[in-house]
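Starting from the known structure of chain A, fit chain B onto it as the hints suggest.
Protein sequence lines, in the order shown, are assigned to chains A and B.
Each residue of the first sequence is one higher than the last, beginning at 14 in my numbering.
Each residue of the second sequence is one higher than the last, beginning at 182 in my numbering.
Since the hints were derived computationally from the structure, they do not count as laboratory data.
Honestly, I wouldn't trust all of these hints.
[To be verified] Examples of chain A residues toward chain B, derived with CB under 10 angstroms:
hint : residue
1    : 88
2    : 91
3    : 112
4    : 123
5    : 181
The beta carbon of each residue, even a glycine, is placed where N, CA and C say it ideally should be.
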Amino acid sequence: MIQFSHVYKTYTGPVHALKNIDLTIDKGEFVFITGPSGAGKTTLFKMLSAYDKPSSGNVNVAGFDLGKIGVEKVADFRRRIGVIFQDFKLLKDRTIFENIALPLLVRGDRPAQIQRRVSEILDHVGLLEKADQRPEFISGGEQQRTAIARALIHQPGVLIADEPTGNLDPSLSEEIMDLLERVCAQGTTVFVATHDLEMVKRRKKRTIQIAGGMIIGDNK
Amino acid sequence: MNPAATRIITHIGKSWRHHLSLQMATLVVLVASFVVISGVINISYNLQRILTLWGESMQVSVYFNESATEQNISAVQKFLDEDQQVEKPKYVTKEAALGVFKEQMASYAPDLLNDKDLAKFVPSSVQFGLNKTVGASEQLGVMKSLSDTLKVMAGVEDVSFGQEWVKSYSTVTRVLTWGGGIFILIISISAAFVMANSIHSSIAQRRTEIEVLELVGATRNYIRTPFVWEGALLGGGSSLLALLLSFGGFTALKDYLHAQIAFLQLSSQIQFIGPGIIFGVMTFGVLAGALSSWICVRNINDGWAATHATK
Chain A
14 MIQFSHVYKT YTGPVHALKN IDLTIDKGEF VFITGPSGAG KTTLFKMLSA
64 YDKPSSGNVN VAGFDLGKIG VEKVADFRRR IGVIFQDFKL LKDRTIFENI
114 ALPLLVRGDR PAQIQRRVSE ILDHVGLLEK ADQRPEFISG GEQQRTAIAR
164 ALIHQPGVLI ADEPTGNLDP SLSEEIMDLL ERVCAQGTTV FVATHDLEMV
214 KRRKKRTIQI AGGMIIGDNK
Chain B
182 MNPAATRIIT HIGKSWRHHL SLQMATLVVL VASFVVISGV INISYNLQRI
232 LTLWGESMQV SVYFNESATE QNISAVQKFL DEDQQVEKPK YVTKEAALGV
282 FKEQMASYAP DLLNDKDLAK FVPSSVQFGL NKTVGASEQL GVMKSLSDTL
332 KVMAGVEDVS FGQEWVKSYS TVTRVLTWGG GIFILIISIS AAFVMANSIH
382 SSIAQRRTEI EVLELVGATR NYIRTPFVWE GALLGGGSSL LALLLSFGGF
432 TALKDYLHAQ IAFLQLSSQI QFIGPGIIFG VMTFGVLAGA LSSWICVRNI
482 NDGWAATHAT K
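Here chain A stands alone, though its shape is the one from the complex:
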């Protein structure tokens, strides 16, 4: 499902953000990637979501070669994955319902289908009653659940989350992680970048440690 082979990423400077990353994640796995700030987690996250390309090596996600992917295929790739950001990236001028419906709208689904699917997922993440509210009027936890709902609405094979609990208090963080585990239990590959080591220890999942752009531990 996700495969990195001898991946290097170098930014101008030169800054070596990733060095010789070799990694395989199977379908339905739940994987944490941890490491201090500047370790390369965000670069790895950008590679996985096709927001950046490797300087060398191969990145293969859901059958797409992300090192060679052209702009005409990027949209197609992103319709097959779900991405969650630390800052939620919700559109402030749209309601919770409209934010969650976006992936279906851009795919050209029929209004009736969108209505049904969004209502289902709103119920699943416990936000049915907030559907008509705008993001600024709901809590941080609810905003993150909205972002997760948006990432899951089109039933992606891979869910990639960059510090999904970074802006949340401990109880809300646990709530979000429970939700992600439920998603994984339904067959979705979940990849979570985090620096919250306590939470990682409690969850007892596969954990990849990264430092200085290199993998320094993998408890597979």
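Positioned in the frame of chain A, the structure of chain B alone reads:
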């Protein structure tokens, strides 16, 4: 309503709600630019009409020499009859020309009219004008070409068409066409930059939206289309408003202008630009708006918007 149309209308509505002052400022500058453009076109259009009217009254005279035979004259007449650019060639006999000359000179030089040799100095001729299909800027060239051909024909003494006047007239029309064109081009480029600046600002303020749309798998066309429509509407709306203002100004000035140049009998020639030019100005507005928007949004929406934003 079609979901795509709804999306575009919503996008434009939001853009105006969120950036009202910027959009209004852009609209005012664009309308002013298009008023100048349509004003220049209008002046040029009316001058061309006046010059064309004057051009239609120009006559070419082919004078025959003393030894010209009937066959020579017939050959010239046949040549002119067959030329599509020539309008109504008319043969003037020596006697008819002498009669007109005497009529015109009677009050100035009565003694001259009694001169028995006078007939020798008044030649027979063929006179003609050019067809209306010949444009004002082409008239000099056509007349020169006809003159060169006629001059070498048997029996022809000289060909006259007021060369100097036609040359000046042709220069004026050429300067008007080129000068007006260059001026319009400069103003149009400036208008396109103003439009691009407005759209660029609108796009910059909606960068997050573009990032999120890319993130959820929107294609480039899906993202760009509303921005391109917004630009097209801004350009088209500005040009329409400018044309309405220009028409109002023209109507207000028309009566005054007609009174001032009544002696020239040109009132019927002064008109507001025709439907074809109006359509052209509006099409230009729409296309310039759409194109400048497309160029601006293309710079951000390249599939990796979030990468650029976070670098």
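Exercise. Looking back at the numbered hints, which does the structure fail to meet, lowest number first?
Worked result: Those not satisfied come down to hint 5.
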